[in-house]
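Visitor: Protein sequences, first through last, are from chains W and X. Using this note's numbering, the letters of the first sequence correspond one by one to residues 5 to 698. Using this note's numbering, the letters of the second sequence correspond one by one to residues 5 to 698.
Just so you know, same-sequence chains aren't split out, so a pair can sit in one copy or run between any two.
Below are the DSS-like pairs computed for lysine-lysine, each with C-alpha atoms no more than 27 angstroms apart in a straight line:
#, residue 1, residue 2
1, Lys-639, Lys-173
2, Lys-203, Lys-639
3, Lys-590, Lys-568
It should be emphasised that the hints constitute simulated quantities derived from the structure, not laboratory data.
There are 2 protein chains.
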Amino acid sequence: MNAPLNPTDPLVLFMPSGKRGRFPVGTPVLDAARQLGVYVESVCGGRATCGRCQIEVQQGSFAKHGIVSSNDHISARGPKEERYDRVRGLPQQRRLSCSALVLGDLVIDVPQDTVINAQVVRKAATDRVIERNSPVQMCYVEVDQPDMHKPLGDLDRLKVVLDTEWGWKDLAVAPHLIPQIQKILRTQLPDQPPLEDGKWGVTAAIHRDMESARPFIIALYPGLKNEAYGIACDIGSTTIAMHLVSLLSGRIVASSGTPNPQIRFGEDLMSRVSYVMMNPDGREAMTTAVREAINTLIGKVCDEGGVSREDIFDCVFVGNPIMHHLFLGIDPTELGQAPFALAVSGALQVWAHDIDIKVNRGARLYMLPCIAGHVGADAAGATLSEGPYRQDRMMLLVDVGTNAEIVLGNSTRVVAASSPTGPAFEGAEISSGQRAAPGAIERVRIDPATLEPKYRVIGVDKWSDEDGFEDESWKTGVTGICGSAIIEVVAEMYLSGIISEDGVIDGSLAARSARIIPNGRTFSYLLREGREGEPRITVTQNDVRAIQLAKAALYAGVKLLMEKQGVEKVDTIRFAGAFGSFIDPKYAMVLGLIPDCDLAEVKAVGNAAGTGALMALLNRDHRREIEQTVKRIEKIETALEPHFQQLFVDAMALPNKVDPFPKLAKVVKLPERKVLEAAEGGRRRGREGRRGRE
Amino acid sequence: MNAPLNPTDPLVLFMPSGKRGRFPVGTPVLDAARQLGVYVESVCGGRATCGRCQIEVQQGSFAKHGIVSSNDHISARGPKEERYDRVRGLPQQRRLSCSALVLGDLVIDVPQDTVINAQVVRKAATDRVIERNSPVQMCYVEVDQPDMHKPLGDLDRLKVVLDTEWGWKDLAVAPHLIPQIQKILRTQLPDQPPLEDGKWGVTAAIHRDMESARPFIIALYPGLKNEAYGIACDIGSTTIAMHLVSLLSGRIVASSGTPNPQIRFGEDLMSRVSYVMMNPDGREAMTTAVREAINTLIGKVCDEGGVSREDIFDCVFVGNPIMHHLFLGIDPTELGQAPFALAVSGALQVWAHDIDIKVNRGARLYMLPCIAGHVGADAAGATLSEGPYRQDRMMLLVDVGTNAEIVLGNSTRVVAASSPTGPAFEGAEISSGQRAAPGAIERVRIDPATLEPKYRVIGVDKWSDEDGFEDESWKTGVTGICGSAIIEVVAEMYLSGIISEDGVIDGSLAARSARIIPNGRTFSYLLREGREGEPRITVTQNDVRAIQLAKAALYAGVKLLMEKQGVEKVDTIRFAGAFGSFIDPKYAMVLGLIPDCDLAEVKAVGNAAGTGALMALLNRDHRREIEQTVKRIEKIETALEPHFQQLFVDAMALPNKVDPFPKLAKVVKLPERKVLEAAEGGRRRGREGRRGRE
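Let the hints inform the model, and build the full structure from the sequences given.
Guide: Okay, structure coming up:
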């Protein structure tokens, strides 16, 4: 959207967006940016007091763009900028774009982490640059003091100036502010921008909820209020993760997580639904628990970032459907049984106060839409983050937990499903399984010649075959196998010939290795004998079966979506979630969790759901984007696809062929009865224990 | 707004609106009405189950309109109407307009009090027919049950059908409903409309707040919900008055009033403001008191009307600026001192729950705009009710309380002011004054020949000179003079020559009447000696002075507005409020409260503020109408008009000339010092005790 070109006007190019346009000599750089749709924050309305609109001029000749840019092409620092520099400091190369005027061709750099707030520091989290268009805007104005000749109320005069200076039409006001307006307007703060006679300076926080609804004044402050924060939160069934973000600069101020206290009501999602069904106060108890944990976590990120929770004006939440419902106070019982009806699937906007979230009283809360009864707002967040619909290649997006949420598509078409992997990938239902925590085995290698293993343990720097491992590992102990290592150990067992293609541990190997030990009518692989007070760690035939079932469910779900898309290959794979972060893609492929794909195109993307929430927090266009996308996504209910059972049975074998698509007519090598039992068990567990996600 | 005419189509004329149009044979009468903008309620969406859309066909030849209307020109009763008749009864001449089809020319009568609810009866209150366009609409729909193939949430499917069947776009939902939606949809009621397979029948209450904002689902019921109520309330400083109204039929179900409990914090408005200034919790105590009284009053009208308070979905409130602020929880201190700044002057819309009004949890609350710091939402209500701006004649609208709110204008221009009449008209600051209550003298006549009075007492049927008065009046006592009688007694004293034009009681008359009695350096008129245990009732010189000051303030305010309008005469006068209802316009004119006007054009209109609230409740167009009107009204602040003092002094004399416009240069006959003292006192009392209204 470039401004109309007048070929004699200076050409201004903004980086990194690359937007450009010609503007008459004397145009403030801020105005030029706004006309081009380049996001440059400003709170003070061009008074050169908030310092939010800083830019830099790039010097030099930019032949590609036909621009020679220099400091001579921008007006010299004026008295307002000099004042700002004296009071708050303005680095030499920086300019306030509200005061700096275009004099000639310019290349302007809009620093992506511009400004301010010396106390906050950039934290880990995503490196992605999210274009900002926050629903919250801080608007400093100078309101006329009352005049008996024009008996407009204080609020009404505030609205007038918010219209004339910032263009806000038809503003509504958060009701709790009404009794406070007069006092706020009449409070004089020291060290505030100089005021004309008969004026009061205040900053209004304005929230634009939805395109079609009225903008609201949600908070009001005496003088210049130069801070505004938001939180983006992923409510996982195990962990709640949160970012605290400056809505003005876009920077992540703090990120943290906390266990979901609902675990005490039930480890996995279905047991929580059961708890609600069994206990009259169960729903309320779990809603209260998760909200309290979130409020505590808000306190934690605020402490970490040196921010007051009163300065949080906007919140975005994602979560799987059951977390979504419990957080909103909705009974999730319907989600535990066919037809798995969501109470609400569309995006929701409420006052944070309405659901007891302790931030600014006027803060809003946005919840991403759910895709389907088992594909939640977290999957929508991951979809927004990874954007299969924004690109042409066929992208597979997998988020593995108690169930796997699977999205497959490109700009033409996106399909989604969930598949009941069960909790095996998380170490549950595995004889030596445990959560990823110090003491857990996280990496495994097996020597095909000797069948001897080596492994690494979380919290210990050495491999088990390195000198000093035993000494070092005393501090953590060696207590079990975590989810990522289960994948590895089964894959290594297969690669070393301990288990066959049909998943049977080869008992005949007991003859040449003491690691193969009988266990009833089957055999186990002894990974570690265990020291005094430590468990013996083995991989049993049942463990292998559980992994087979889980991987078959995941693979069958992926395969079903590939069939829907009519493709035999995916171009790129994204593993979202904690499981995805630790798993080695190579072993996932060896084991046949995922279809064949160039390994370089398989990436772990961490908490993509949380990143999606962050995007929706910082840019309301992303809210419309994911709302529209979710409407377009085709939802596949695996339970309704007769073909799914066949795909599931076919996917039991280890590994899937190098041609990763087992023929549908393929003869399964397991005795037929066992396969059917296994498949039946998987489905049953699917119905009972399905639908988790961390 | 007539439909496009096809000259061969039948012509349909709707009464009483007179709207007409041609429609193809077979058009349902309800559709014809809607296309013409004729308001016909319907809850069930044309299923012939709610019975709200009843109409009657007028038989005969309507030559003026060129229509011959007969029952042959409408389809015969079909099976749906027959069923409705069997189940709920449909009078023979009545038809359900959703089922009756246009076959030929028709004159259709839309009964203004159509329908239903046998338990409610029409109560007193206004006779006005208010065209209905309530912000609340009850919409029965049949929602698709969930389908795993289309995993839209329950709320989302509800929205879809509210769009397809009722045309609601972009609906939002009141947050408290979100956790309830699934249960409501799944509740099956007996005796409900027959449902298709796979459908759930529910009724959504939809609220359209503002043109530019999203419509909200504010309540949701299983099956057909065929009732919806609203309240219109005038918060007076003395009395809170309320109507309970069916939003579907428009009928007033109950009307009642209750004393404003804030009286215990201060009799008049300024003493309540003082209470707030003196007591840290004063504002909160008064806010709580008035809200509790309103909640109790809601219970009372609901009991009277046989209505549940849960069925109230909309509320409209008016009140003077201080009542308005205290009700909303706003500190009114600013209104007690120049520049009398309102915190909010524009109309307000909030959830009733937000300000603790106990009705349906999703009910909305609308507060009319205030005109100025002393001309409140009550004056706006009266203006909406009487509509000076809707007609061409010059209308004077006066609402007298502790202050007088004065509106003068016509369709071209409207001006408004308040004038500090003080509490004399209400009987305060009058030696024998009291509230209008049993025992109070309410009518007075004085024989000019004998100077003997006769009077009537509230609660006694006879005049004081009739046989049996003394016996009858024992039950009430004779305790004082109420506001309306104070006007009369002073006017009668003037007409009988007891007081002169300058307001002095003529002491020389003591020679011929024992009713004239000395009282220090002045004289009093003895109205009644008083029996054992009853007070002696006199009118003192100070009483006459107080009335003179009050009437001068009122008259000067009126005169000021007449000068602003450039008129020397008003065409019509409306007295609003309790005082206006009891005052005899003749005496008001004798005394010079109001300018000269044809007595037939002087009307008491009762609680016009409450009627305005009622109009805004029943028709949201009236909300926009008064919002726009208030913006147009020119506010005159008497305190800022140097000329006002002169008008005030000039208006002290009794009566104003028959030419009711005292020349500005007129020589006041009172000794100048006294006049100035009196005027000064009036102004002082104006600042201290001003601004009341009942």
